[in-house]
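Here is what each chain is made of, one letter per residue.
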Amino acid sequence: MMDVMLAGGLMRFVQGLASAAPTMIVGLFIAGLLRYYLGTAGTIRLFGGNGLRSLPQSWLIGMLLPVCSIGVIPILREMRRMGIRPGAITAFALSAPLFNPLSLLYGLTLSRPYVIVGFALASLGVVTALGIVWDRMTSWKPIDTSAEPEVIGLRRIALTFFYMARELCGPTGGLTVIALSGLFLLGSLLPHGSLQSSVEQLDPFAPLKMAVVAIPIYAPPMLTMSQLGMMFAHGNSPGAAFCLLLLGTGVNLGTLWWIARSYGVKPTLIWFGVLFSVVVGFAYAVERPLIPPGVEPAGHTHAFDVYTNPLHSGQAVTATIVVSKLAESIGLVERIGVGALLSLAIFGCLVRFRLHQWIERLQAEKIEASKATEQSGWNRPVSPRAVGITCLAGLVAFSVIACYAYYPPPGEVLEEMRLARTEVLSGAISRDYQRVLHWIPILEEWSRKLEVGYALRYFDLRPYQQMQAHLLRKKLELLEHAIEHASQANQQTKGITASKSEIDLDQELREIDQLRSEISSNAQRIARVFR
Amino acid sequence: MNQSQTMSKIAFPHNCWWAAIFVLTVAFSWGCVAEKESLHEMDHALPPHWPLNMEDAAQKIQQRLGLIEIKESLATTREELSDLIVWAPEVAADTDLPELEWMPIYELSETLRLHLSAKDISLEDCRDDIERFIVLLRESHAKLPNPNSAEEVKP
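As they're listed, the protein sequences go chains A and B. 1 is the number of the first residue of the first sequence in the numbering used here; add one for each residue after it. 532 is the number of the first residue of the second sequence in the numbering used here; add one for each residue after it.
Derived by calculation from the structure, the hints in this document are not laboratory data. Treat each hint with caution, since some may be false.
[Stated by the list, open to error] Below, simulated DMTMM-like cross-link-like pairs (lysine to aspartate or glutamate); rule was C-alpha separation at most 25 Å, straight line:
no.	chain 1	residue 1	chain 2	residue 2
1	A	474	B	630
2	A	475	B	627
3	A	475	B	659
4	B	674	A	506
5	A	475	B	632
6	A	474	B	660
[Unchecked claim] So the derived list for chain B, only partly shown, Cβ under 10 Å to chain A, looks like this:
no.	residue
7	597
8	600
9	606
10	624
11	625
12	630
13	633
14	634
15	637
16	641
17	642
18	656
19	659
Here the structure is a predicted model, which is why all the values come from computation and not from measurement. No residue lacks a Cβ here, since even glycine has one placed at the ideal position from N, Cα and C.
The following block holds chain B by itself, in its conformation from the complex (with noise of 0.2 Å):
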């Protein structure tokens, strides 16, 4: 192998207008980017509707199924809604239940979470379901040792 091939050189391009342009814009971009002086903005805020527990969770649900049935429903009501099922699952997580109590809570919540997210059966027909799931998280709340502490499960 020659000297040629083995002793590779960088040549660098001429046309590095590209490079240069970049650049500027970048730098360009100097005033519009701010450094971060508050760590307060930061924050996790948590929505006004995360339930404290799993009683909480449920009757958050009812109380948003309720008003879905009788007509007085937003979109955001919808939207609660299935945020609250969605949730289900990690405040259950979050307590002494076990882990094959915490499963058809898991289960319930992905079927339902699956249906509403498609759109593919109506609110209405899930109603049962979500009923069930209703049922479900107070019982599963009752089985824990101290179902009345509201402090227990914080989010």
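In isolation and in its complexed conformation, chain A is listed as follows (with noise of 0.2 Å):
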């Protein structure tokens, strides 16, 4: 039991950091550019100065930025550090992990896209008004940047680098390692499963439940947007789906430490009240009018299951298994994360322990040695300030041209969907049910792509389309009940009640068929409609 417990919350950590390394990676280098390139007065500016007005816009700039809410810590950190106003502090932390332009589109095509946009606007009347309470119970004052060391070129680039090594091998590495383990903590504790019954609709304390299992939780934007997904396909909850996205994705223990350390136990225990309060409060009185029509509540959702025991009660635990479990679940992206991060991580000891003297007198020396191998033509000074905004500018492209990338065009979605399906339906035909349990999810996130890939380029998804590509998933679902209703009633057969299993398991084997034939027939309408 406890070695379940134990493996299971550890896979929940490793599987945490590994969705975590991405963005991160992109979270320390935004703090290294507001650091060293942008300046305290740049970085003031950008979150709209000292005025009210900073509340909305770091919202803005949090829904731009693609960072997740362990990603936000290091410029939390930093805009802290250059006195930024307490409110429009929370007011990033609580709004860049929420969306980023990637999951933004992926979520319009998960429900009616005005249950999306609603949720991004309820989230900037939360920040606004936590951000107004906030900056009343903390004490701030702006502080004088006119002390501030200067470098420029190659000096201040691997400044920028090593300012990175150095955070996540210290405060920002810590801090990730207390977020995370509000996942180990409710992997180890929530046996398998046992969260897919506890947001059902219309439940008087499904929002309450969801609010309070969100707290511990850390979840990076693309997958909260796909858990909404999955409940509002479920019919689930829409106000715990609220409740999932402002608290679960929007603060971990992570933040909520380092918040109470920089600003006092009580004012955060007051601010985090006022913000669960806020939060479950909108999520009932939007509980009925956001339930979508026409869907028929499941009864369950897989959702959480990723914040459950990944192992079940009574199963033999071996790396050989744990291991397994993980590669399974760790895609290419978040290797190559992870292998980045530790890498960085293991430099940043370095930097910490070997180089910090000779880091510091990088840093002290003065911006006039670097003034004196000027040049004209096209080496040319250029202010930190244009630097950063154009680096910052860069980022936001670069977030455009991902989501381009992320979804591509129908053409090529549909091939690889094709193959996806290829993979499904001979799987079912063998009684292959591990290879088809294995690419259903993967079929299912290209038919969401197919989708987003669509409406990017032409501005246009037809009501026929997303019909289509709902009738798949839905279908997809059911056969994967079906398989696991089969794969069950097999092993039934061996024992004492075989007969009755034995009918389970035809009729079983008849609705997998059914299914089969029905998504052939739904491939060709979907290639019809979208090419």
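Combine the two chains into a complex, taking the hints into account.
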């Protein structure tokens, strides 16, 4: 029992780290840009100055930057160091992980678009109200920026890199461990699949239960979006979905720890109490109006399986099982991210314990030394602010390009879908159910990318196209259940209830064949309407 | 920049009782949640009035409209009528009906859905539109290659 709990918790921790790795690197990079390129004055201006405008502006910048609730931590630390208004810091802290261009586009395919746009606007309302409260509760004064050291050229690039490494092997790394410990805790304590029927539509406690579970959760924006999609598809509670978005994606234990450490435990408790109350209150208010029409509640959801123990109780725990389960759940991008993060962390240890004196000397050298090598022609000095703004604009541009890369043209997606569908259907014919279960989520994912990719390029997505993609996902889900039932019935045919299980198995096999034929018919229609 | 600025350190709050309370709450809730043992309770159970095909949808809508006409309607009959109107486009899309012929079904369904959910028009005032919807579903069903096969569409 204990080994299942510990191994399950550890697996969730590692999976969380893998999900966070890419956006953590982006967060460290942005923090480095703010520190060495934009500088204090530029950063304060970027986040809307010291007035009330800073709250919506911080929200907007948060929406544009591709970071998660862990990736946001080094940026928050830097913002605080620069003396930015606390309300703006929390507004950014809450909004940046909620949406980014990729997840927003993905979200628009999940339910009726007004729901996601409504969630985004509601988050603006929450962060603005909370920012005003937070500003009143905390003492704050702008800092003097005149004494900032200024470096340029290659030295500045090197310092940015050293800063990223040192932060990772320091406060940001520590806060990341605290953030991910929430996943460890839930993965250890919640038995496998135990949250599947906790957030049913019109369950009076669903938003509240979700809000409590969401506090220790760390969820990257894309994961949350897919969870919201599953919740809408299964007719779960929309209020619970809102709680998951704001409290699960927006904050984690690391962020809370940092806020408590920086501003005091009591103000943080009040702040979090206000946040919790506003979010839960809003969730109850939208519970009925946002119920998607025509969706029959499925009575369960798999959206939160990722927060419960991945292992069944009583299951034998071996290193091979743990490694193979981790390998299945961690994709190529995450593996590259983890590799880069580990390399940076190792270098960070070196910087922190061996090279710090050298780095401080490098930092202390005056700008005059750099100016001495100033040349004419293309090699002209550019202000740090211009470079910083160019880098941030580049990041936003990169996000837009990433949208097109992540959501390829329909022709390419249809080809990928054809390959995945072949695996699903051939697996179903040959009764190779492990293969089918592996490829079903991949095909589902491509069906969403097909919709977003089409909408991005043609600025249109017809109801018939949406309906066909919806039908495919519905049939895939039914197939997944039929296969799980068939596997279960197949095992029981060897037991004492053999005759009943044989009938069940026969029924499930017939359903699988029927669904197989329906998915084939749907494939032709999808290919026709998306080409 | 001096050492104290560059070498930020993590200092943990001394008053971490709130974290302890949270851990204890989750730990005590261990007994309240159980592992899912049966996969069958996760079935997507189809409601009994889910239509098999467009003809079936038309028939079921007409049946419920009749019940409402003779004042035998219960709240559930009205709900089922709304459900059937909302589900009909999905049932129609799961056939070989071309997109151009599917669109009128979808548009009429959406119009009716909006009125029925907003309750801005009474069901009596929607009657003509609902009857038109029934005719549309029957006509569309008749255009399909094998309209008599009950197995043609399985939800």
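Tested hints:
In summary, the hint linking residue 474 of chain A to residue 630 of chain B is supported, as the alpha carbons are separated by about 20 Å, within the 25 Å threshold. Of the supplied pair hints, the one linking residue 475 of chain A and residue 627 of chain B holds, its CA atoms being roughly 16 Å apart against a limit of 25 Å. Distance hint between residue 475 of chain A and residue 659 of chain B is unfulfilled; the C-alpha atoms sit about 34 Å from each other, more than 25 Å. Restraint check: the Cα-Cα separation between residue 674 of chain B and residue 506 of chain A comes to about 34 Å, which exceeds 25 Å; the hinted pair is violated.
Under the criterion of a C-alpha separation no larger than 25 Å, the hint pairing residue 475 of chain A with residue 632 of chain B is consistent with the structure, at around 23 Å. The straight-line distance between the Cα atoms of residue 474 of chain A and residue 660 of chain B is roughly 29 Å, outside the 25 Å bound, and the hint therefore fails. For the restraint placing residue 597 of chain B at the interface with chain A, the shortest Cβ-Cβ distance is roughly 23 Å, beyond the 10 Å limit, so the hint is violated. Residue-level restraint check for residue 600 of chain B is violated (minimum Cβ-Cβ distance to chain A is 24 Å; threshold 10 Å).
Checking residue 606 of chain B against chain A by beta carbon gives a least distance of about 15 Å; that is not within 10 Å, so the hint is violated. Hint status for residue 624 of chain B: holds, given a least beta-carbon distance of 4 Å to chain A, under 10 Å. Interface hint status for residue 625 of chain B: upheld, as the beta-carbon distance to the closest one in chain A is roughly 6 Å, under 10 Å. Hint status for residue 630 of chain B relative to chain A: holds, with the closest Cβ pair at about 4 Å, below 10 Å.
For residue 633 of chain B, the shortest C-beta to C-beta distance to chain A is roughly 6 Å, which falls under 10 Å, so the interface hint holds. At about 7 Å, the closest approach between the beta carbon of residue 634 of chain B and any beta carbon in chain A falls short of 10 Å, and the interface hint on this residue holds. Given the 10 Å rule on beta carbons, the hint for residue 637 of chain B holds: about 5 Å separates it from the nearest Cβ of chain A. Look at residue 641 of chain B: its Cβ gets to within about 8 Å of chain A, closer than 10 Å, so that hint holds up.
With a least beta-carbon distance of about 13 Å to chain A, the hint placing residue 642 of chain B at the interface is violated under the 10 Å criterion. Contact between residue 656 of chain B and chain A, as hinted, is not supported at the beta carbon level, the nearest pair being about 20 Å apart and thus beyond 10 Å. Violation of the interface hint for residue 659 of chain B is found here, the shortest Cβ-Cβ separation to chain A being roughly 22 Å, above the 10 Å cut-off.
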